[in-house]
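Counting from 1, one number per residue, gives the positions in the sequence shown under my numbering.
Worth flagging that the hints you see were computed from the coordinates, not collected in a lab. Watch out, some of these pointers could steer you wrong.
Label-pair restraints from in silico Cβ distances [unchecked claim]:
1) VAL65 to LEU101: 17 to 27 Å
2) PHE180 to ILE82: 11 to 21 Å
3) ILE170 to PHE26: 26 to 36 Å
4) ILE11 to ARG60: 10 to 20 Å
5) ASP96 to LYS193: 18 to 28 Å
Where a beta carbon is used, it is the ideal one built from N, C-alpha and C, also for glycine.
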Amino acid sequence: MERKKKKENIINVPTFLNLARIVLTFVVVYMIITNRSIKYIVAVFAIAAITDWFDGRIARKYNLVNDFGRKADMVADRFLWICTAFAFFVVFGIRDQLNILHGIQLLLIMSREIISAPSAIVAFFSGKGFPNARYVAKVTTFAQGFALPALMLSIYYPAWQNLALPLSIILGIVGTASGFHYIADVQRIEEKKTKK
Numbered sequence: 001m002e003r004k005k006k007k008e009n010i011i012n013v014p015t016f017l018n019l020a021r022i023v024l025t026f027v028v029v030y031m032i033i034t035n036r037s038i039k040y041i042v043a044v045f046a047i048a049a050i051t052d053w054f055d056g057r058i059a060r061k062y063n064l065v066n067d068f069g070r071k072a073d074m075v076a077d078r079f080l081w082i083c084t085a086f087a088f089f090v091v092f093g094i095r096d097q098l099n100i101l102h103g104i105q106l107l108l109i110m111s112r113e114i115i116s117a118p119s120a121i122v123a124f125f126s127g128k129g130f131p132n133a134r135y136v137a138k139v140t141t142f143a144q145g146f147a148l149p150a151l152m153l154s155i156y157y158p159a160w161q162n163l164a165l166p167l168s169i170i171l172g173i174v175g176t177a178s179g180f181h182y183i184a185d186v187q188r189i190e191e192k193k194t195k196k
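Using the sequences and the accompanying hints, generate a full structural model.
Quick look at the structure:
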């Protein structure tokens, strides 16, 4: 006899924080498009990024970890990073404020997303589940939270390149490793599901 699957409680603080991160992403993109002060853009981005730390911490502390939360967290994270980076690249590129070094740094910062995007899309739509976040993925997300704002600030305040450049190089390495680990983990989950 098959056990009934326990219903997940998705109405909780971590879910609210994931939704807040998505809403704040729209705010950040709007601010980039409408040429708001870079300081305000970075401040709103930082608030959005901090919600990622809080949602995971609260979920673990109060035993609110569930499959929906894991998916919502991953979607909200990717949404924040990809939309912000894309808006930054397009808008600042159109304004002719980016040089080749900025473009290379952005690619390095976003290396995990670039590498893992096809697997993440397949995992999301297949419904076979997402892998648990590895330590290297958490390090990548943490470093991105400093590297992307530092890169944006460096457009107006060149001294920020002193932080943005080394973090970009580190993320090129760590992000690439994280991306390939993610692909391997998704394949492992798919293999387990097909064997059942």
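Results of checking the hints against the structure:
1. VAL65 to LEU101: 17 to 27 Å: For LEU101 against VAL65, whose Cβ atoms are near 40 Å apart, the range 17 to 27 Å is violated.
2. PHE180 to ILE82: 11 to 21 Å: holds, 18 Å
3. ILE170 to PHE26: 26 to 36 Å: holds, 29 Å
4. ILE11 to ARG60: 10 to 20 Å: Holds: the Cβ-Cβ distance is about 18 Å, inside 10 to 20 Å.
5. ASP96 to LYS193: 18 to 28 Å: Cβ of ASP96 to Cβ of LYS193: about 48 Å, so the range 18 to 28 Å is violated.
Violation of the numbered hints given earlier is confined to hints 1 and 5; the remaining hints are satisfied by the structure.
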